[in-house]
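Asker: Here is how the chains run, residue by residue.
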Amino acid sequence: MKKSFIAAGIITMGIVAIGCGGGDDTRNNAYMPDMAYSRAYETYTMSAEKIAELQKQGIFYNTMPVEGTIARGEMEPYYISNDTTGYAQSSSVQDPLPEMDETYYKEAERLYLVNCAVCHGSKLDGNGPLWKGGDGPYPAAPRNLLDDYSKGLSDGTMYHVITYGKGLMGSYAHQVNPKQRWMLVKYMRSIQSGSKPAATDSTAAAATGNGTVTSDSAAMAAPATN
Amino acid sequence: MLPCKPIIKRISLFLFTLVALFLTTDIAAQDGKVLYQTNCQICHSLDKNLTGPALRGFLERGPWGDREELYKWVHNPAAYLATSDYASQLKNQYGTIMQAFPQLTNEEIDAIAEYVATAPPPGGTPTGGPVPEGAPDNSNRNSIFFGILSLILAVIALILMQVNSNLKKLSDDKENIRRPDPVPFYRNKIYIAMFAMVFFVVGGYYLAKGAIKLGRDKGYMPEQPIYYSHKVHAGINQISCLYCHGSAMESKHAAIPSVNTCMNCHKAISSYEKGPQLYTEDGREVDGTAEIAKLYKYAGFDPARPNDWDPAKAKPVEWIKIHNLPDHVYFNHSQHVKAGNVQCQTCHGPIQDMDVVSQFSELSMGWCVNCHRETKVNFYNEGDSTGNKFYSIYEKFHNDLASGKMDSVTVSDIGGTECQKCHY
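For the protein sequence lines, the chains are Z and B, in the order given. Using the working numbering, the first residue of the first sequence is number 1, and each one after it goes up by one. Using the working numbering, the first residue of the second sequence is number 1001, and each one after it goes up by one.
A couple of the hints might just be wrong.
[Stated by the list, open to error] Think about it this way: if two alpha-carbon atoms lie no more than 27 angstroms apart in a straight line, the pair counts; the simulated BS3-like pairs of lysine-lysine are: (1) B/1267 - Z/56; (2) Z/196 - B/1338; (3) B/1313 - Z/123; (4) B/1048 - Z/166; (5) Z/166 - B/1321; (6) B/1389 - Z/56; (7) B/1315 - Z/50; (8) B/1267 - Z/132; (9) B/1338 - Z/132; (10) B/1313 - Z/3; (11) Z/132 - B/1315; (12) B/1252 - Z/179.
[Claimed, not checked] Non-contacting residues of chain Z with respect to chain B, defined by C-beta distances greater than 10 angstroms in every case (computed): (13) 24; (14) 28; (15) 136; (16) 171.
[Said to hold, decoys possible] Some chain Z residues well away from chain B (every beta-carbon gap over 12 angstroms; in silico): (17) 47; (18) 118; (19) 147; (20) 149; (21) 173; (22) 191.
Source of the hints: derived by calculation from the structure; they are not laboratory data. Model, not experiment: these values are computed from the prediction. Note that CB positions come from ideal geometry on N, CA and C, so glycine has one too.
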């Protein structure tokens, strides 16, 4: 009787010890799974199957915003279409933003370094880390944004290209919102013409780091710092 | 003697022209390379169809063998298009027409053609062979070894004790000393007490350890639907974390990039050639090109017909979430990344060195609270206009800092360890 108790104790102890320690590719158990894992639908948890399941119960769930609506603070949508006529029309579109001040310039620079510099280079010379003078993995040379062709483009056309892409460049509409796109256009223009807002130099921008992610690691050195 | 001079003269002239000829062809090819790089390679590659067709061997295709036709085409593609079936066929295939280059002279076009014809073929030596693996971790093997050793010693000690008691009994029998029958070891109270103590300590240790690990996943490393190496993207190719996870600056989530973001580059990069050989965690070789092909399957992209791609038909890649907080904890990325200026690597570890991502931090409450106690808040400094204006509402702390009452303010001081800050 006594022995069987001891044996049972040892076995339960073993099971507990093994059961708690999950492997590398499985999650550990939680104390209260109902509290740990949300029953409510969270971002990324809506798969096509789940939506279909809900539809069977008469619930129509859609992850897209209602058509024709604009988010608060968002600029007016860009109606010009993605084709050759749209490309020609885009040259008449005017930049709606006021002149950049120092804060805006810094934010625009950050946006450029994060989203554009990886191909077009942090100096806009078309030699980002993905091209590296032909040694990078990208098979085509990115446009040198300081050449005459780029300087000759109108603001609207640059905006159009960021929105829809051109040649091998893809659309960046899902990565930068309309306001940020105009900020990027302004930033590129200011570098092309060599004029910056007063009292901004790269060291000051790096030192403050207000709102920017600066890093000394190799991963972020080129795009995220100055 | 007399006829010698003209011969020498003639020979030297011949040599001179020969050298000059070599030099000029070389210069032409050099110029061609520069011209090719500045004008052509934005849309063309030598061996890959991109925005326009691959250029190697183009002189043998279509009407381009005739240089006059080539000049006309390069100077004004739109006008030439109407006169050539081959050109309109190209337009149909690539969906776009070449930019005009009226500024290129005929000689310059010749130089480019010369360069394309003589350019060395791709391949050669791939950069960086397989990286030698570091020394295997010995600590685990050592502990097993010591465990076995102490077990063997314990068994020997037990046997010796039994032998000792048996010998004692034999000698007692010989000398006719009567003692009570020896108790077998499983009834021996000393043995039972010792065993119980060891069991209590060892069992308790594992039980406590197992209980602490409940709901924690440090080191969790699931196999993802596509072998995506952060080391190749963020480390070697220096793509900013925020290029793909940009919403870490703006929202609660550091969003998982859409297939569209992947295709920004992978529309053109269809093979993995220039990086080091990739391995899974258990040492299997990974074919990077095959992994990119998996992405194309999700995107519905056919690399042979890039212009037919319809991004609207792409299906999301269902990545497995690694860093997960329980539902009863509120965590906001933008609060930490934008306002707090915290590095990605602080919580996610050296992600730019990870081929396969695993959970780096404990993500336990103690871990959160500890960081909130230790991290200093970057208050705005009027003097040199550094720091974050976001915190300007904490007037008392600003005054205390100015008067020297405090030397720094931690997250905990501004309410970072209040319960309802994260649990509500």
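Asker: Mind checking the alpha carbons of residue 166 of chain Z and residue 1321 of chain B for me, to see if they're no more than 27 angstroms apart?
Answerer: violated, 33 angstroms
Asker: Does residue 47 of chain Z clear chain B by more than 12 angstroms, comparing its Cβ with all Cβ atoms of that chain?
Answerer: violated, 7 angstroms
Asker: Was residue 173 of chain Z rightly flagged as not at the interface, with every chain B Cβ beyond 12 angstroms?
Answerer: violated, 9 angstroms
Asker: Are the Cα positions of residue 1267 of chain B and residue 56 of chain Z separated by 27 angstroms at most?
Answerer: With Cα atoms ~38 angstroms apart, residue 1267 of chain B and residue 56 of chain Z exceed 27 angstroms; violated.
Asker: Within 27 angstroms, alpha carbon to alpha carbon, are residue 1389 of chain B and residue 56 of chain Z?
Answerer: violated, 50 angstroms
Asker: Far enough from chain B: is every CB of that chain over 10 angstroms from the CB of residue 28 of chain Z?
Answerer: violated, 6 angstroms
Asker: Straight-line Cα separation of residue 1267 of chain B and residue 132 of chain Z no greater than 27 angstroms?
Answerer: holds, 18 angstroms
Asker: Are residue 1313 of chain B and residue 3 of chain Z close enough, with their CA atoms no more than 27 angstroms apart?
Answerer: With a Cα-Cα distance of about 66 angstroms, the restraint between residue 1313 of chain B and residue 3 of chain Z is violated, given a limit of 27 angstroms.
Asker: Compare the distance between the alpha carbons of residue 1252 of chain B and residue 179 of chain Z with 27 angstroms, and conclude whether the hinted pair is satisfied.
Answerer: holds, 21 angstroms
Asker: Beyond 10 angstroms from chain B, beta-carbon-wise, is residue 136 of chain Z?
Answerer: For residue 136 of chain Z, whose nearest Cβ neighbour in chain B is about 7 angstroms away, the distance does not exceed 10 angstroms, so it is violated.
Asker: Closest CB-CB distance from residue 171 of chain Z to chain B, is it above 10 angstroms?
Answerer: violated, 7 angstroms
Asker: Decide if the proposed pair is consistent with the structure: residue 1048 of chain B and residue 166 of chain Z, CA atoms, cutoff 27 angstroms inclusive.
Answerer: Within the cut-off at roughly 18 angstroms; holds.
When each numbered hint is compared with the structure, violations occur for hints 1, 3, 5, 6, 9, 10, 11, 13, 14, 15, 16, 17, 18, 19, 20 and 21.
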